[in-house]
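Please build the complex by placing chain B on the supplied structure of chain A, with the hints as guidance.
Sequence lines, in order, name chains A and B. 1 is the number of the first residue of the first sequence in the numbering used here; add one for each residue after it. 1001 is the number of the first residue of the second sequence in the numbering used here; add one for each residue after it.
All the given hints hold, so there is nothing to weed out.
Which residues of chain B face chain A? A few of them, derived with a C-beta cut under 8 angstroms, are: (1) D1186; (2) S1187; (3) F1191; (4) R1194; (5) A1195; (6) D1198; (7) N1199; (8) D1201; (9) A1202; (10) A1203; (11) E1204; (12) S1205; (13) L1206; (14) G1207; (15) V1208; (16) D1209.
Derived from the structure by calculation, the hints contain no laboratory data. None of these values were measured; they are calculated from a predicted model. Every residue gets a Cβ at the ideal spot worked out from N, C-alpha and C, and that includes glycine.
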Amino acid sequence: MTALLETRGVWQRFGGLVANSDVSISVGRGEIVGLIGPNGAGKSTLFNLIAGVLPPTQGSIWFDGEDVTKMPAAARCQRGVGRTFQVVKSFETMTVIDNVIVGALVRNTVMREARRKAHEVLEFTGLAARADVLASDLVPAEKRRLEVARALATEPKLLLLDEVLTGLTPTEAQTGVALVRKVRDAGITVLMVEHVMEIVMPLVDRAIVLDLGKVLVEGKPNDVVRDPKVIKAYLGDRHAVGA
Amino acid sequence: MDKNFAARRRRDLIIAAVLAAIAALTPLFVKDVVVQNVLILTLMYAGLSQSWNILSGYCGQISLGHALYFGLGAYTTELLFTKFGVLPWFGMLAGGTVSALIAMGLGYPFFRLRGHYFVIATIVIAEIGLLLFHNWEWAGAAMGITIPIRGDSWLKFQFARSKVPYFYFALVLCCIAWLVTWWLEDSKWGFWWRAVKDNPDAAESLGVDVFNSKMGAAAVSAFLVAVGGSFYAQFVSYIDPESVMGFQFSLLMALPAVLGGIGTLWGPVLGAAILIPLTEITRFKFGGSGSGVDLIIYGTLIVLISLALPRGLVSLFSRPKKTGATR
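Same shape as in the complex, but just chain A (with noise of 0.2 angstroms):
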């Protein structure tokens, strides 16, 4: 079976900035994949190609057997790509149920069926509690949450979570990681870009690791994090020796 998600030899140049160079990975379905490195590696660069943001300066991008690279983001969307931002975007003047109305909309072309859907996922994702409170009332930790609610209800195949876990409290972050693998199991392919190594390491099946805009190593977690290469990228020369 071919990848759910595959970019081949990416490039993307901001003037005479390299961001990403060559960069060619997959995501298999049914996986959760961590996409890490330290800062400036090209992540967030990376995963705005992959949500179409920009299209890419060179190189393509195929989800599910598609070439996306040309593809706007909310044709992605429709194509089973959803995404939550670093910074959350809630919409503030909205309720949290209408912030997830608006995504199951992508599915449910009737009102009452989009409604419905919104609900579940708000079950799904704990915060069915808070659904007739406005956006802008919610505790920072919830408003993650609801980002990720919203891209759950447009149904899809794929979810980027855009350092989802990052600036919780350790029981937050709990709470999270459990939810992205009840999301996981709900059969739905996770690619998260994360920098606190400790929570993702445990939580991905396969980490991808980036420096300067290349893939520096992929594998099995527990291999990623003793590769001299990953350390020396992380904590400079004097650390790579003694590992």
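Okay, now just chain B, sitting in the frame of chain A:
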């Protein structure tokens, strides 16, 4: 939860029906022509503001150029009537269609602009429209068009002896604009528009067609405003560029919605019910146009209300939601 939601929508509809019924009875009691005039204008601006609210309130694309569509509605109707003998009823639909098409044509380049740049573009475009009509000989240029009086008739939609028919038309127009808003509020378009207003990037990622959402809102909004313009032309039976396309119309469409509650179902009606009588009364009391006392009064009022109630007058009626965080 769903029951609450359905109940709230039903309640809105019932309140609207009751208000419309009460309004429909007022001509039986109000015989004073000056007061009738104020009532007609109030209903008209309520309808206009409600239409403006679709694009600017719900979809968040603040337009200060809606006078263009108002004027286009008036001119299309009267040019068709005086030059080709087309009945105003058809002229109204033609005016609405022309305006909707022009709104989309303008939207094509301008919906790429965001925030203040968009607002400025709307003002400039409306001013250009005004200048074009000022210099367009065939359309009467600065002299305008006088609508020939051919006797009271519903067919020609003109009434010299009584204002009551105009009153009912304005009421129907207002009700239609309200109902369209009510209906759209719980539709895919309504949700898309609010999402586009709050955060276009997030909307896009959820499959919302941001550009076409704006185009749709612009078309509906411009169509309804143009119908209002057609009505106004018949009502005053004389039009010139300033009197149907002047900047003041753009303001008078925006202000009731802003005052009452922008992007809300009841805001425009509530705002118009207070603002328009106030404008007319102050103008009447302080006599003479050009003094600007009425403008000073409602300018002050708007500043005070926006300071005290930033979400508009409607926020007085909404019960505070419980916001205790669950942790």
